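These protein sequence lines map, in sequence, to chains A and B. Residue numbering for the first sequence follows full-length UniProt numbering, starting at 1 and increasing by one per position. Residue numbering for the second sequence follows full-length UniProt numbering, starting at 1 and increasing by one per position.
FYI, nobody ran anything at the bench for these hints, they're computed from the structure. These numbers were taken from a predicted model, which means no experiment stands behind them. Hints may be right or wrong, so weigh each one.
To be verified - Over the 10 Å line for every Cβ pair with chain B, so calculated as not near, a few chain A residues:
#1 Gly237
#2 Glu252
#3 Tyr260
Said to hold, decoys possible - Calculated cross-link-like contacts (lysine-lysine; reagent style DSSO-like; alpha-carbon spacing at most 27 Å):
#4 Lys274(A) / Lys164(B)
#5 Lys165(B) / Lys20(B)
#6 Lys164(B) / Lys20(B)
#7 Lys284(A) / Lys165(B)
#8 Lys310(A) / Lys20(B)
#9 Lys274(A) / Lys20(B)
#10 Lys165(B) / Lys274(A)
Don't be surprised by glycine CBs; every beta carbon is placed ideally from N, CA and C.
Number of protein chains: 2
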Amino acid sequence: MFEAPYLLFLGDAPDGLAAKMAQGIYDWRPEAVAGQIRMEGCNADLGIKDLSIKEAAAAGVKTLVIGVVNRGGVIGENWKSILVEALESGMDIASGLHNLLRDEDDLVKAAQENGRTLHDVRIPSVQYPIASGKKRTGKRCLAVGTDCSVGKMYTTLAMDREMKKRGLKSTFRPTGQTGILIEGNGVPLDAVVADFMAGSVEWLTPDNDPDHWDFIEGQGSLFHASYSGVTMALIHGGQPDALILCHEPTREFMRGLPDYTLPSIEDLREIALKLAQIVNPECKAVAISINTQHMDEPAALKYLDEVEKKMGLPTVDPFRQGAARLVEALV
Amino acid sequence: MFEAPYLLFLGDAPDGLAAKMAQGIYDWRPEAVAGQIRMEGCNADLGIKDLSIKEAAAAGVKTLVIGVVNRGGVIGENWKSILVEALESGMDIASGLHNLLRDEDDLVKAAQENGRTLHDVRIPSVQYPIASGKKRTGKRCLAVGTDCSVGKMYTTLAMDREMKKRGLKSTFRPTGQTGILIEGNGVPLDAVVADFMAGSVEWLTPDNDPDHWDFIEGQGSLFHASYSGVTMALIHGGQPDALILCHEPTREFMRGLPDYTLPSIEDLREIALKLAQIVNPECKAVAISINTQHMDEPAALKYLDEVEKKMGLPTVDPFRQGAARLVEALV
Chain A
1 MFEAPYLLFL GDAPDGLAAK MAQGIYDWRP EAVAGQIRME GCNADLGIKD
51 LSIKEAAAAG VKTLVIGVVN RGGVIGENWK SILVEALESG MDIASGLHNL
101 LRDEDDLVKA AQENGRTLHD VRIPSVQYPI ASGKKRTGKR CLAVGTDCSV
151 GKMYTTLAMD REMKKRGLKS TFRPTGQTGI LIEGNGVPLD AVVADFMAGS
201 VEWLTPDNDP DHWDFIEGQG SLFHASYSGV TMALIHGGQP DALILCHEPT
251 REFMRGLPDY TLPSIEDLRE IALKLAQIVN PECKAVAISI NTQHMDEPAA
301 LKYLDEVEKK MGLPTVDPFR QGAARLVEAL V
Chain B
1 MFEAPYLLFL GDAPDGLAAK MAQGIYDWRP EAVAGQIRME GCNADLGIKD
51 LSIKEAAAAG VKTLVIGVVN RGGVIGENWK SILVEALESG MDIASGLHNL
101 LRDEDDLVKA AQENGRTLHD VRIPSVQYPI ASGKKRTGKR CLAVGTDCSV
151 GKMYTTLAMD REMKKRGLKS TFRPTGQTGI LIEGNGVPLD AVVADFMAGS
201 VEWLTPDNDP DHWDFIEGQG SLFHASYSGV TMALIHGGQP DALILCHEPT
251 REFMRGLPDY TLPSIEDLRE IALKLAQIVN PECKAVAISI NTQHMDEPAA
301 LKYLDEVEKK MGLPTVDPFR QGAARLVEAL V
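Bound conformation, chain A alone (with noise of 0.2 Å):
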C-alpha cells in the first residue's frame, strides 16, 4: 500500500502518549523508519535522529507516516506547511487519524500537483469480493480474544518476527490502522461494508507457499456485542489452521459494556474452534496468550502457569516472555 523507509511525523505532541502510534511503528519495524521530525513544542521523542523534511528526502523516504493524535484526531492546521513540504519533496504521506487526509483541500491539492499519494489507512482503498470460502494454500494463524484489546495485535506481531527470527516463512496481516501503519499494508477492517467483510480477509491472506504462515491480526471479541461480527468474518475469511487464545486476566468487565462480564478461557476455545472448524476442519486452539500487564511477576508467572496446567496449552505473556513458545506451539 505505501513504501518505507517512513519519517515518523511527532508534530506537537504534548507527551509521549499523543505520539504512541509513531512509537508503535518503530518498536515493531524500526529498519523502515529513517528518522523522526517534530515540531517547537513537541514533547515526544523515541530517541532517533530528527530530520528535516529535506534530510528525509535526501535519505530516500518513501512515506511520511502520521504518528501522533491530537485531541479529536484531527490534522492540525499548523502541520500543514511540513505536510505540503513533505509532499513537494516525493513523500507520500499515511494517516490513521478519524479525519481524512483526503478532505483536506490543500493537501489534495499538493498532492495532485507533485502525483504524490495521500493514504487514509482507516478507509478500504481496495474493492474487496465477496469470500468465496475455497480452501488456500500456506498456513493460517488468527488471534481471538475473550474480549477486545487483550493483545491480539501484539501476540500477532511478536509470532511473526519470532519466526522470521528462525528463518522461517510469515507474514503479519493487519486489519486494523496501527497495524497497518506497521506494516504498510492490511484491511482496515472495521470500516468495510458488511457483504465484504469475509472477502476481505481471504484478499489479505492469498495463496502462499505450504511452509508460510500468514499471522493475522484479531479484530473485536465472539463475546463482544459490538463487535461480535467484525470477529465471525476474520474467523470464516481467514480459515485459521491455528487459533491463539488472549486474555487479559483483571479485567472486570467487557470494553466499553459495564453489563458484561469476560467469558472464561475454556468458554472462547470452545465456541472460536466450532466456528473455525466449518470452514477448516483442521483448525487447532494451540496456545494462549496472557497479557498480564496489570500483574505482578510473581502473581504474573503463577496465574501463566495455573492456566497452562488447566487448559492443556501453552500459556504465555509474550510482552514479558517473548513469542518463543507460541511459535513453537504451531510447529
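Please build the complex by placing chain B on the supplied structure of chain A, with the hints as guidance.
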C-alpha cells in the same frame, strides 16, 4: 422511511419473474398498494388496478415503488419520463436496484425541483450507532438459517401477519431490500459498515411494550463463510428472546459455496443458541420453519413430522401450513 399508499411500477417487465419484487410487496402488504403502472410491452400483471401517474396522484399515492428488475439491475432510460412525471406529481420514488436513483442526474434534478425524495433502499440512510449491548424492553424473535435463502424473511413476515391477525402487538423488522420495500423502512444490513452492524440492529429494534414482539428478518447463516459476520451481528444486535430455526432440506450444498454441505438443524440450534445467550441468557429456540417447496405434499408432511419428533419443537412450513403454530410457540 417512505410512505404508503404505493404505486407499483412494473415498467417493461418481460415476464412475471422480473416483477417479483412488486408481487412480493402486493402479496405481503396489499393494503399499502393503490395500483400498478405498466409500460407498453409489459408482460407482468399483478391483477390489480392500472393507474396513470395522474390517476395515482389523484388517489393520494405517496410513493412510486420500482417493482421490476431488468438485466443488470439498472434504471431503464425508457422509464425516465414516467419517473419524472411521478416526481412532478408529488410522489417520492423508492428503489432496491443496484444502480442508484441518486446517480441519475435527471431524476435528482426533478426530485430537487419538486421537493421530493429518492429512496435507494440498498444504501443506509442513517448514521447508525455502535451497539451498546444494553437490554431493551419488549420481545424479539429472530429467524436463523442453516443456509442463506432458506425462507427466513418469509417466516418472520408470516409470523408478524399472524400476530396482527390475532390482535397481538408485533412489528416486522426488515434487514434486506425486499423487506424494506414491503415495510417502507428497515436496515439494509449487508451495506452497513462493519463497526456499525450490531448497532444498526439495535437501532432497528428499540425499546417497546413488554408484550410487543419484533420479528427480525434474518440474513446469511452462521455456517455461510461469506456472510456469517452479518448473521452474528443480527444475533448480538437483535438480542433475541426467541429463535426460529430455518432450513431447506433438499439443498445439496451451501448457496454459492459448492465446497460446503449444509449443517444439521441440531448444529444450528446448538451454536446459534450459545451465541444468542451471550447477550440474552433467556433466549430459546422455539420452533422450526422448513421450506419444502421442492418436495411434494406427502414427502413434505412426512419430513416435517420427523423433524418435529427428533428436535422436540413445533415444525412447520409456513407457506403450506401458515404461521399459527410458530406464533403459538412464542407464547
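Evaluated hints:
The Cβ of Gly237(A) does not lie farther than 10 Å from every Cβ of chain B; its closest approach is about 7 Å, which violates its non-interface assignment. No Cβ of chain B approaches the Cβ of Glu252(A) within 10 Å, the least distance being about 15 Å, so the stated non-interface status holds. Consistency note on Tyr260(A): stated as away from chain B, yet its beta-carbon is not over 10 Å from all of that chain's, at 6 Å minimum. Simply put, Lys274(A) and Lys164(B) have alpha-carbon atoms about 39 Å apart, too far for the 27 Å limit, and the pair is violated.
Using a Cα cut-off of 27 Å, the hinted pair Lys165(B) and Lys20(B) holds, with the two alpha carbons roughly 25 Å apart. Only pairs whose Cα atoms come within 27 Å are accepted, and Lys164(B) paired with Lys20(B) is accepted, the gap being roughly 25 Å. A threshold of 27 Å between alpha carbons decides the hint, and for Lys284(A) with Lys165(B) the separation of about 50 Å lies outside it, so the pair is violated. Note on Lys310(A) and Lys20(B): the hinted pairing is violated, with a Cα-Cα distance of about 57 Å set against a maximum of 27 Å.
With a CA separation close to 38 Å, the supplied pair Lys274(A) and Lys20(B) exceeds the 27 Å bound. Distance hint between Lys165(B) and Lys274(A) is unfulfilled; the C-alpha atoms sit about 41 Å from each other, more than 27 Å.
Checked against the numbered hints above, the structure breaks hints 1, 3, 4, 7, 8, 9 and 10 and satisfies the rest.
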